[in-house]
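Protein chains in written order, with our numbering: chain Y, 387 to 842; chain W, 6 to 381.
The set of hints was computed from the structure by calculation and includes no laboratory data.
Heads up, a few of these hints could be off.
Claimed, not checked - Below are the DSSO-like pairs computed for lysine-lysine, each with C-alpha atoms no more than 30 Å apart in a straight line: (1) Y/Lys-570 to W/Lys-57; (2) W/Lys-222 to W/Lys-270; (3) W/Lys-196 to Y/Lys-722; (4) W/Lys-222 to Y/Lys-740; (5) Y/Lys-740 to W/Lys-184; (6) W/Lys-206 to W/Lys-184; (7) W/Lys-36 to W/Lys-313; (8) W/Lys-140 to W/Lys-331.
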Amino acid sequence: MKIFVSYIFIFFIPTFTHALIIEDTRHLWSRTGFSNADFILNNYSEHTREEAVNLIIDSGSYSAPVTKLPEFDDNLYLKLKSKAISKNEKREILRLLRKQDKKKNSNWWHREILSSNNAFQEKMVVFWHSHFAAKASKVLPPYMLEQNQIFRRNSLGSFKNLLYEVMHNPTIHQFLDNTKNTAKKPNENLARELLELYTMGEGEHYSEKDVKNMAKALSGLYHDYSTKKMKLSHKRKDSSYMTIFNKSATFGLDEAIKLILEHPNTSKFITLKLWREFISEDPSVQKLNSLSKLFNDSNYDIKTLVFEILNSEEFWSAKNRNNLVKSPFDLIASSKIILHIPSSSIFSLRNQMKNSGQKLFDPPDVNGWLGGRRWINSDLIISRKRLLVKYIEKVTKNNLSELQVAIDKAENKKYQFFAIGKNIPENIDIKFSNTSLKSLRNKLKSVLLDHSFNFK
Amino acid sequence: MQRRDFLKLLSVFPFLNPSNALSIESNTKRKYLILIELKGGNDGLNTVIPYKDPLYYENRPTLQIPVDKVLKINSELGLNPALPALKKLYQDDDLSIIQNVGYNSPNKSHFTSLDIWESASRDKEANGWLYELFKKNPSNNLIDAMVFSGSTGLFEGSSPNFLKVKNLNNFLKRSKSLKIPNYLLSDPTQKHLLDSIKLIKKVALRLENELNLDEIKHIKKERVGISDQLMQVSSLMQSNVSIPVFKVSINNFDTHANQSDIHKKNLTELNNSLDKFIKNLKFNGLWNDALIMTYSEFGRRILENGSKGTDHGEASCMFCMGGKVKGGIHGKLPDLLNNNGNVATKIDFKEVYATLQNEWFKVDKRIIKNTPLNFL
Chain Y
387 MKIFVSYIFI FFIPTFTHAL IIEDTRHLWS RTGFSNADFI LNNYSEHTRE
437 EAVNLIIDSG SYSAPVTKLP EFDDNLYLKL KSKAISKNEK REILRLLRKQ
487 DKKKNSNWWH REILSSNNAF QEKMVVFWHS HFAAKASKVL PPYMLEQNQI
537 FRRNSLGSFK NLLYEVMHNP TIHQFLDNTK NTAKKPNENL ARELLELYTM
587 GEGEHYSEKD VKNMAKALSG LYHDYSTKKM KLSHKRKDSS YMTIFNKSAT
637 FGLDEAIKLI LEHPNTSKFI TLKLWREFIS EDPSVQKLNS LSKLFNDSNY
687 DIKTLVFEIL NSEEFWSAKN RNNLVKSPFD LIASSKIILH IPSSSIFSLR
737 NQMKNSGQKL FDPPDVNGWL GGRRWINSDL IISRKRLLVK YIEKVTKNNL
787 SELQVAIDKA ENKKYQFFAI GKNIPENIDI KFSNTSLKSL RNKLKSVLLD
837 HSFNFK
Chain W
6 MQRRDFLKLL SVFPFLNPSN ALSIESNTKR KYLILIELKG GNDGLNTVIP
56 YKDPLYYENR PTLQIPVDKV LKINSELGLN PALPALKKLY QDDDLSIIQN
106 VGYNSPNKSH FTSLDIWESA SRDKEANGWL YELFKKNPSN NLIDAMVFSG
156 STGLFEGSSP NFLKVKNLNN FLKRSKSLKI PNYLLSDPTQ KHLLDSIKLI
206 KKVALRLENE LNLDEIKHIK KERVGISDQL MQVSSLMQSN VSIPVFKVSI
256 NNFDTHANQS DIHKKNLTEL NNSLDKFIKN LKFNGLWNDA LIMTYSEFGR
306 RILENGSKGT DHGEASCMFC MGGKVKGGIH GKLPDLLNNN GNVATKIDFK
356 EVYATLQNEW FKVDKRIIKN TPLNFL
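With these hints in hand, go ahead and build the complete structure from the sequences.
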């Protein structure tokens, strides 16, 4: 017990200069997925918290995918619009394309996750994928791939641009039946989820009438394969006079986006979601309001908001450490840095991620992954463990030397912090050097399968 | 052959099914509630069809079920043609259909509405109502519930006492190597993990000894269909494991477009898996101990939309089935004329909950104050 108390003492007395101590570094690293292990291990004490946050935010700026994007047979897709082909033939083509190309997308993203050095960007892409959740089963794969690139380009950019691009990309229109929404035959699916889940959050700040009229504003759109964007058919668009949020005119897609961005709840809701991603599941209302105002004033600059979040007192406070549950993606991203596993076995990773409850391109529903405590239930606890075991088993002789170089660089104690925050069991031996593959795997297991590795 | 005779036979040949034969006595005392969540908002009007109402056909130009296909159960109502097993149950007086179920000033968000159904409260922070019920009425149950699929909100609270399991074989095999952390976890989220692992170990140990896996040995896959989920429920019930509630879920009821095919597929899945499950329960003498109930977060709009689908609506129907259920229909025909294009709520779902609470679980401390219905 005495030992335990002294660890708390060492790790949780804040230093007044806010130079990083090892526990701060682990905290920042585990929540942002910063992948520069050398920095973590060697240079952390030379930086203040603010400098480190800046470094991380800069590291997360847009970088193009390092793996080759999947290619699709455009001719087949264009055939879907052709009048020369029968309905049954089209259905058959569509079935084939969906099956093949869905897999291509999924393989590509898992490969990219394992290959990319920009873990923070990847993390933000997963965040936006869960936020603008759509399931691949209802969407043409090239659109979904393009949506993923939109998340990449805007992950720390302007939420205005992000929303604009997402709303012009066909993915969520196909997923939520908006391609069928016309003046004569309204369909409310996208209109409702756009307000409730993508921008403003559920509540009394919009009415059932707003939903109905939003559906009118979003009517008449169809997807265009050659540009991978939505286009407007004036014939099918509802051109009546409509009222949304007490403003009346004949609104269309772009006006609808503008109305949503003018509504104060939009910045509140996005701020709340980012708070939950980075700080805690139960935000302080006062601080949330000031952050949301700042986000609004910054013209919806996501980078500014994330910087303020990571620099906030709440982010660094002792009560908000190790209180978030790593998603299956986080588990892989954070083990990746330790394990140096090359991108060979993506198929197994895909299945293990799926069993752990995070099948990429296939969130459970339009609400995305709820995360937090919801990652912990009996079924998932068991699958998460399997995910890590399978991943550790991918450590091969080929990785061994590379791994040992990295490990040797680190002093033993520093390495421990990858897995273990405040509770270091005395009996774990972290000396990795000069060891067989089997015992290396066992040692990795003792670190990564420690229950504290579930938390960030 | 009567159940009793069959069991006698088993006791003569105990190798046939020894664990079953030994537990006859206590088996009769247990009561199980099996919940089936129809996720996405089930279209009540195309499930229990008011086939005599001209407004039904007017509002459903493409989605209407032709009158000659409807499985008629009386002079006004019939079941969707995908539900023959339920018609049979109705004829046996083992199916109670509750019409126009919902709540006042309904919310049309899937997630908020499901929250309201699960907590029986409009307070977003409220715990699941079954969590509260079991917390207020402590018992010797192994756990409150086992959830095989779908949301777990009914059982969520500050110290939850349920397990989510997809595949019992894998669960028993894989939970063995799970270790209980041997150091202090103080943060509430960390404590939640610790408690969950303890619960897994406790339940796995008991099931290891008590569960008869014969009927579910073949279930190996990670992804377990609804029918096999219910077979696992049956095995747990046959093994006399003290878990009062089981939950499974069927997806894809959110039919905004091309509803006919999707809805038919969903209801067929419901029908076939229930048919197999119920036959199994009857064969094992458990039909009187089981109460099966379907529910959904809301119904759908009366008028179909232009995409051969329906948008989010209000009240819908519920099915309650079991040997102890009084068959029949509760509530009047849905009113397709008034209430702004929605089926108006006539029965609060809390009246159904009150029935479960008072007449099925028969608990001392009631948390639902509504007047129960009389389907039990």
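Okay, the hints, checked on the actual structure:
1. Y/Lys-570 to W/Lys-57: OK: Y/Lys-570 and W/Lys-57 at ~28 Å, within 30 Å.
2. W/Lys-222 to W/Lys-270: holds (27 Å)
3. W/Lys-196 to Y/Lys-722: Measuring from Cα to Cα gives roughly 27 Å; hence the hint holds.
4. W/Lys-222 to Y/Lys-740: Cα-Cα ~23 Å, so holds.
5. Y/Lys-740 to W/Lys-184: Distance ~23 Å between Y/Lys-740 and W/Lys-184 Cα, so the pair holds.
6. W/Lys-206 to W/Lys-184: Cα-Cα ~9 Å, so holds.
7. W/Lys-36 to W/Lys-313: Roughly 42 Å separates the two Cα atoms, so the pair is violated.
8. W/Lys-140 to W/Lys-331: holds (29 Å)
Against the hints set out earlier in the document, a violation occurs for number 7 only.
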